[in-house]
Structures are given as C-alpha cells and as structure tokens.
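Chemist: One-letter residues, chain by chain:
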Amino acid sequence: MAKLTFVGGIHPYDGKELSKDKPIKEILPKGDLVYPLSQHIGAPAQPLVTKGDRVLVGQKIAESGGFVSAPIYASVSGTVKAVEPRRVVTGDSVMSIVVENDGLYEDVGFYPIAPMEKLSREEIIEAVKEAGIVGMGGAGFPTHVKLSPKEPAKIEYVIANCAECEPYLTSDYRRMLEEPDKVIGGLKVILRLFENAQGILAIEDNKPDCVALFKQLTKDEKRISVRALKTKYPQGGERTLIYAVTGRKVNSSMLPADVGCVVNNVDTIVAVYRAVAEGRPLMERIVTVTGDAIAHPRNFKVRIGTNYSELIEEAGGFKGKPEKIICGGPMMGFSMFELNVPITKTSTALLALSKDEVSAMEPGPCINCGRCVEVCPGRVVPSRLADYAEHFDEEAFLENNGMECCECGCCSFICPAKRPLTQEIKSMRKIQLAKRKKN
Amino acid sequence: MSDLLKVSSNPHIRSKSTTVGIMAAVIVALLPAAGFGIYNFGLRALLVILVTIASTVLTEFLFGLYKKKLTVIDLSAVVTGLLLALNLPVNIPLWMAALGGVFAILVVKMLFGGLGQNFMNPALAARCFLLISFPLQMTDFACDAYSGATPLAIIKAGGGVDVTDMILGNTAGTIGETSMIALVAGACFLLLTGVIDLRIPGSYIVTFIVFIVLFGGRGFDPSYISAQLAGGGLMLGAFFMATDYVTRPITIKGQYLFGVFLGLMTGIFRLFGPSAEGVSYAIILGNLLVPLIEKVTRPVAFGKGGRRYEK
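In the order they appear, the protein sequences are chains A and B. The first sequence begins at 78 in our numbering and counts up by one. The second sequence begins at 4 in our numbering and counts up by one.
No lab work stands behind these hints, which were simulated from the structure alone. Glycine included, C-beta positions come from ideal geometry on N, C-alpha and C. Incorrect hints may have been included.
Said to hold, decoys possible - Chain A regions said to be covered by chain B (calculated; three or more residues, Cβ under 8 Å): (1) 372-383; (2) 394-401; (3) 444-454.
Throw the hints in and build the complete structure from the sequences for me.
Modeler: Here you go:
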C-alpha cells in the first residue's frame with residue numbers, strides 16, 4: 078500500500094531554485110581525461126590499454142574485474158598518456174587511465190544489438206553489463222547485478238527513483254523535463270525483465286511539472302504509473318522510497334528484491350535505455366554545478382573523466398571565495414580539498430558554498446533533547462549510538478541496532494548541540510561492515 | 004587555493020536550532036508565570052528570583068573557572084535558577100534560596116558532569132533538598148494577601164476553594180505555581196516553537212485525572228478535578244519540569260510511560276501522602292527510573308525483523 082511518505086526526516090533549505098530553470102548545457106572537455114578504475118562498488122576494472130595506445134569514443138578501455146564490477150569506456154578520442162594512480166574526490170589515490178583528448182571525437186560506431194522487442198532477458202542484462210552502467214544516484218552499485226535477482230518473477234515493483242531529495246540537486250529534474258521519453262523508455266526496458274512487475278515513477282511533489290508531464294505521457298501505459306511523494310529528505314533513500322511506494326520495509330540485511338522491488342535512479346534508467354536502444358555505453362552524465370559561490374549555477378552534460386575545475390569555469394567561475402566545495406549534495410556529499418579530480422559515473426553535483434556552517438559551530442554536550450530520535454528514518458536513537466561509537470562499545474552499538482543507520486545525516490542536521498552524530502555512527506559502521514566481510 | 008577549502012564529514016548543513024536558543028525559549032516561556040508571581044506576591048518575589056538565578060549562574064561560573072571550562076554561556080543555569088525560584092515560597096530567607104541554587108548546580112549538575120549528565124532535575128532536587136532541610140520556611144505561604152494555606156491543603160482538610168481564583172492564580176503557593184493561565188500560556192509558546200511536545204504533559208495529566216476520578220472519593224466532579232489540576236505544582240511540573248530533556252526518557256514510547264508513571268505517583272502522593280503536594284517527588288522518582296524506562300522502550304528499528312514478500 079502506498080504511504081507516499083515515511084516516518085522521520087527533515088526539511089532543509091533546498092536551494093534548487095539556483096539551477097532548476099536553466100536547460101542542461103552540454104560541454105566538451107578541454108584538458109586530459111582521467112578514468113579511475115574504481116568508479117563503482119565491487120572489484121576494480123582491469124585496464125585493456127597501455128601508454129601510447131590510441132582510443133576512440135566508446136572504446137572499452139577497462140574490463141569488468143568480476144561479477145560485481147563494471148567496464149569503463151573512453152568518452153573522447155585520443156592517446157593514452159598514462160596508467161597511474163590519480164587522486165579522486167574522496168581523497169583516495171586510485172589507479173586510473175589518463176587519456177589526452179585529440180578533440181576529434183572519432184567514435185567506434187554505436188549500433189543497437191537488435192530491435193528491442195526481440196531482445197531476451199539475458200541479452201538485455203548483458204547489454205547493461207557491457208555498457209558499464211552503475212547506480213548513478215551516488216552509490217555506484219553495478220546495475221546488471223541489481224537487475225538479476227534470483228527470482229525475477231517475484232519482482233512486483235520496478236521503481237524509478239525520481240525523488241531527488243538532496244538539497245540543491247536538480248540534475249534528475251532537468252533530465253525528466255528534457256528527456257522524459259528516455260526515462261520512460263528505460264523503464265520499459267527494465268520492465269521487460271520482470272514480467273509480473275509494475276513500473277512506478279516516484280517523484281517528490283516539489284516537482285509538480287514533472288508529475289504532470291509523466292502522468293500525461295504514461296496515461297496509456299498499463300504497466301507504468303506515477304506516484305507523487307511528499308517532499309522530505311531522505312525520501313529518495315532506497316528504504317524510505319520503497320516504504321513510501323509500497324508500504325514494505327527493508328532493513329540493513331535485506332535487499333529490495335526481498336520485498337519484490339527493484340529501484341533505479343533516473344540517470345541510471347536513461348543510461349539503460351541508451352545502452353539497449355542505441356548501443357551506447359555509459360560515457361557521460363549530468364552534473365549540477367551550484368551553490369551561492371558559483372557565478373552561474375546550472376546543469377551540465379559532461380563526459381565522464383572531465384576535470385572538476387573545468388565545470389567551475391563553464392559555470393562562470395566563483396562568485397567570491399568559496400569556503401567549502403562539496404561533491405554531491407550537502408547532506409551526503411564529500412567535501413573536496415582540491416578540484417583537480419575527475420568526474421566519475423557517480424558524480425551527481427558540485428556544490429560551492431561561500432560559508433561553511435559546520436566549521437563555524439562548536440559541538441556542545443548532548444542535552445538529550447530527542448530531536449535526532451524524531452527525525453531518524455531508521456528509527457534508532459542516534460545520540461546514544463554516537464556515544465557508543467565514541468567509546469567504542471561495539472556490543473552496545475550492535476545491540477541498539479547501529480547497523481540500521483542509513484547515514485542520511487538527519488541527526489547531525491537537526492542536533493541543537495551541533496554534535497557530529499552521523500560521522501561517529503558512520504565510522505563505527507564502517508568498522509563493523511569490514512568485520513562482517515572478514516568473517 | 005586547495006589549502007584554503009574546509010573539509011568535514013557530511014552533512015554539510017545544519018539546522019538553525021541551538022542549545023542556547025532552546026534555553027532562551029524556556030526562559031521566555033517562564034516569564035508569564037514569573038511576572039504573575041511578582042504581581043501576586045509583591046517585589047520580594049522578584050528579589051527571590053534574582054537571588055536564586057544569581058546563585059545558580061555564579062556557581063556554574065565559579066565551577067567553570069575551577070575546571071577551566073566555562074559553560075555558563077549556554078543559559079542552562081539561568082533556567083535552573085528561574086525554575087527553582089518559581090518553586091519557592093515568597094517568604095523564604097534569601098540565604099536559603101541561594102543555598103538551593105548552589106545545591107542544584109554544584110551537587111546535582113556539575114559534580115555529575117555538567118549539562119546533559121545530571122540524572123535528576125536540578126531545580127526540583129534542590130527544592131526537595133530545601134523542603135526536607137527547612138520544612139517550616141519552605142511551607143510558610145502566609146503573606147500580605149493570603150492567610151497561608153494553599154488551595155490543595157484546604158481541599159485536603161475538607162474545605163472549599165474558588166476554582167476561578169485558582170485558575171487565575173490569586174491564591175497562596177510558591178512564586179510560580181499559582182497561575183494556571185500564565186503557565187499554560189508559557190507552555191503553549193514552547194509547544195508552538197517545538198521545544199516540547201504533549202507526550203509527557205498529556206499522558207501525565209490524563210493519568211492523573213483518571214487516578215483522582217477513581218480514587219479521589221468524589222467521582223467525576225469537574226470542579227474538584229479543575230482544582231486538583233490548577234492547584235499545587237502540577238502545571239509547572241508537567242509542562243516545565245517533567246519535560247526537562249536531560250532527565251526524561253529519550254525514546255518516544257518511554258516518554259508516554261514516564262508521563263503515566265508521574266500521573267500515578269502524583270495521584271498517590273496527593274491523595275494518600277501526608278502532604279497535599281506530590282509533583283516534585285513524583286518527578287524526581289520518575290527521573291531515577293529513566294534508564295530503566297529507556298531500556299524497555301528501545302524503539303524498533305526500521306524494517307527490523309522485516310517480512311520478505313512472496314507472491
């Protein structure tokens with residue numbers, strides 16, 4: 078049963094008006110392109126090229142490193158300059174392929190493998206896998222794995238995550254307005270994999286134009302419907318989204334498929350469409366460049382591998398001096414310490430803020446106000462979990478459902494004592510997840 | 004420029020609410036009751052309020068100097084001082100009021116680790132300390148305007164009271180407890196600003212009403228019930244003391260349970276105890292049970308024990 082919302086959550090300033098009204102602008106890279114071999118969850122890709130090789134647009138330059146992995150394609154034509162460790166947004170050094178752009182954009186030629194109606198389930202999944210598609214909402218989980226649950230017949234809902242609940246981000250919004258046919262087309266491709274499933278476009282109700290547009294476009298589709306969800310962060314989280322759409326609950330040890338759901342982000346669905354219908358691998362994505370320190374905020378269609386600093390130039394440079402630059406949204410994004418890093422498959426946004434609220438605030442003692450408990454969509458007690466994490470009390474952390482935290486950041490946001498609750502819980506969860514893997 | 008960017012873990016934005024803001028809201032919400040107390044009992048009430056606040060603030064300041072960590076800026080000492088003053092009779096010797104302030108901050112709060120660490124409401128603990136140590140001065144409510152007996156004491160002795168006066172606050176009692184209207188006005192401000200919610204006050208008051216209807220010996224008698232609600236420290240306690248963040252359960256179910264417990268205890272103390280009052284002791288006792296209440300009301304995590312759906 079559709080609830081259209083969830084318990085908990087917050088209403089931060091959404092900042093979407095900065096960039097939502099300008100159409101997406103396609104930009105071409107100027108400098109070298111850098112393709113980290115780990116742009117997804119799972120095994121790193123294996124390079125297929127070496128220094129000096131000439132590559133074409135759409136040429137596979139790195140092969141999948143296992144089942145949970147994804148290949149990587151060149152997004153420009155040019156010469157491989159190096160295969161060496163390069164810094165990525167998280168600050169880690171990752172083995173990467175560096176390509177010098179020759180500006181010719183010679184491509185390998187893109188052809189759909191067969192008319193869509195004739196494709197079998199296996200062929201569709203193979204096409205998605207070969208195209209190197211991963212969850213483009215930020216998680217980077219290989220999409221072909223998501224699309225291959227053990228029992229496809231038991232999937233009842235294919236949910237297109239069009240919530241875009243992160244403040245400031247408008248890339249999904251622009252994509253929906255400008256290429257709605259591709260979103261619906263991609264959803265139809267995925268629905269072909271699950272004969273018993275209904276396709277659902279789940280859109281937050283702060284985008285009434287998208288809701289109306291999709292309702293209009295899908296009014297004759299028997300298997301696709303639109304749901305307008307209440308606007309609240311983190312509505313676009315996988316668990317809160319499934320709950321809002323179906324009333325079913327997924328915990329940390331379950332997969333969406335356990336409750337008959339498959340969830341994919343808008344950009345991912347468009348990538349699936351292009352891979353299957355046009356035979357184009359994943360080579361570009363839409364990135365929102367925004368924030369009060371950006372001169373002309375807007376969305377850009379960018380080739381993967383482009384340097385972040387080029388995005389800033391395209392957006393007219395900085396307005397004043399930014400204090401903080403974030404890759405992604407303000408709730409779950411990473412703060413960056415340099416801009417000389419490449420855009421990857423999971424780069425959703427670049428947000429430059431002229432003031433960093435966080436560093437200006439001194440954390441005080443917890444006054445037990447319970448606001449974190451009220452807003453937590455995971456229904457745990459964040460202030461206590463953070464305490465256990467701080468004192469490294471693993472037993473109490475696990476006993477009090479610490480692993481059910483989805484790291485959405487609501488608790489840190491709301492805390493009047495400005496305690497870094499999410500950060501503490503996250504670090505403990507990381508340790509516990511690593512332990513789980515070992516055993 | 005790379006060395007100039009600020010880096011921290013997500014989230015990168017924060018809400019506007021702050022600890023100081025919350026404390027300031029509580030102070031504002033207590034002003035109607037304090038103002039009415041001064042109007043009702045005269046300027047000496049103001050003197051008691053000022054002395055108590057000075058005592059709590061100074062104690063926290065001096066302790067902060069000793070610990071080299073000044074925390075007095077968070078305004079919580081002002082809240083404690085004001086609450087304590089509102090719980091004192093107007094005739095209390097000033098040194099006694101000051102002693103109460105020192106006890107509240109030093110013994111109940113700072114020695115247990117300061118703000119957020121105390122397990123009892125400091126103002127109430129200090130009131131109970133004074134009540135046990137100086138029972139005569141603490142229960143002497145006689146002043147120019149009133150003979151001395153509080154409405155609840157009159158009811159307990161079998162006398163009649165004017166409920167309208169009790170709701171307005173024209174009765175004997177502690178400085179801040181007499182006017183139900185002033186207290187409810189302050190409580191509404193806290194409810195509207197989201198500083199408190201109705202879980203604890205609601206379950207507390209409802210339980211108390213049920214208890215006195217069942218055991219009060221008067222059945223469902225509206226004037227008796229309103230007198231019990233308006234009299235004594237119930238309104239002050241339910242909206243301003245039982246809702247004290249630090250000493251109430253953090254779990255949502257626990258807050259309901261806490262309110263029910265307070266309602267029962269207040270009913271028992273008022274009906275069967277030697278005194279006509281019972282709110283302070285009920286809340287203090289409730290504070291002690293908080294860890295236990297939290298343990299049995301731990302929330303069920305989202306999707307915990309989740310059901311897998313099969314077609």
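Chemist: In ascending order, which of the hints set out earlier in this document are inconsistent with the structure?
Modeler: 1
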